[in-house]
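Asks: If you want the building blocks of each chain, they are given just below.
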Amino acid sequence: MKIDQVTIMLVEDDEVDVMNVKRVFSKHKVTNPLLVARDGREALDMLKGNNGMEKINPTPRIILLDINMPRMDGFEFLEAIRKDPELKSISVFVMTTSSNDEDRYRAYSLNVAGYIVKPVVFQEFMEAVANLGAFWKLCEFV
Amino acid sequence: MANKVLNILVVEDDEVDTMNVQRAFERAELQHNLFFATNGEEALEFLNNQSFPKPRVILLDINMPRMNGIEFLTEIRKNPEWKGMPVFVMTTSDNDSDMIQAYELNVAGYIVKPLRFENFAEAITTLDRYWASIEL
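Residue numbers (the numbering used here), protein chains in the order written: chain R, 1 to 142; chain B, 1 to 136.
Check the hints yourself; a few may be wrong.
Below, computed lysine-lysine pairings styled on DSS-like, alpha-carbon distance capped at 27 Å [as the list claims (entries may be wrong)]: (1) K54/B x K29/R; (2) K118/R x K137/R; (3) K54/B x K113/B; (4) K88/R x K83/B.
Computed footprint of chain R on chain B; a stretch qualifies when at least three of its residues, placed anywhere within it, have a C-beta under 8 Å from a C-beta of chain R [stated by the list, open to error]: (5) 10-16; (6) 96-103; (7) 117-127.
These are calculated hints, taken from the structure and not from any lab test. Beta carbons: idealized from backbone N, C-alpha and C, even for Gly.
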């Protein structure tokens with residue numbers, strides 16, 4: 001299927017960053033269902049239907065993932081889903097403030113589909129998401 | 001601003017499609033270094049040959065003789081040296097089973113090759129812009 005029908009999950013603890021993603025998606029007319037989890041633990045609970053959370057259906061095929069979050073950070077979450085037969089094939093796009101080489105290397109070792117360093121300037125963030133969106137339009141999703 | 005020059009391994013058995021990839025990169029005036037393998041086995045040999053540079057990204061066809069794209073992906077995902085290699089599938093196959101297997105093997109993207117060269121060149125341009133923004 002094409003991108004239009006894909007559910008997207010955003011895993012991000014910072015309220016301002018969540019708002020920015022929503023703003024950019026809105027400006028780019030990205031109308032996909034967007035679910036937000038505030039950290040890795042909450043995201044896992046939503047994906048699995050654990051701890052009283054209702055399981056998301058259909059499973060998101062795209063996860064936008066922050067690295068630095070409390071309780072369970074991006075890497076811990078990524079390691080957990082890569083070990084889970086039901087979740088391991090989800091496309092993960094890291095969106096982080098970290099431009100640290102080790103973090104980038106570690107993310108690609110866990111087979112992220114992209115590693116985006118969040119620009120500070122909103123206009124640049126718009127452009128980064130435009131490139132991401134154009135790439136998604138090229139792709140087929142399961 | 002010029003984008004970083006990447007070493008790209010293109011794994012593709014069809015001669016016409018191979019030419020189209022080269023033409024598309026030229027049309028988009030991209031400076032990347034393209035390396036070619038005509039099937040999965042050749043691609044593995046390329047990766048294991050120390051005298052060739054390590055690719056930063058692989059463009060992978062699915063339907064190839066001797067070792068197809070899924071078999072190649074399965075092999076590299078077993079190897080600690082290659083398991084983190086970003087792979088973008090570019091195939092004529094819109095077969096669900098191929099897609100599911102490719103995503104199970106954690107491809108970064110799955111693109112069905114556009115039929116018209118113009119659209120194909122545009123796809124390469126889009127890919128290049130995407131690669132420039134993902135810290136490859």
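Asks: List in ascending order the numbers of the hints, as given earlier, that are violated by the structure.
Replies: Violated hints: 1 and 5; rest satisfied.
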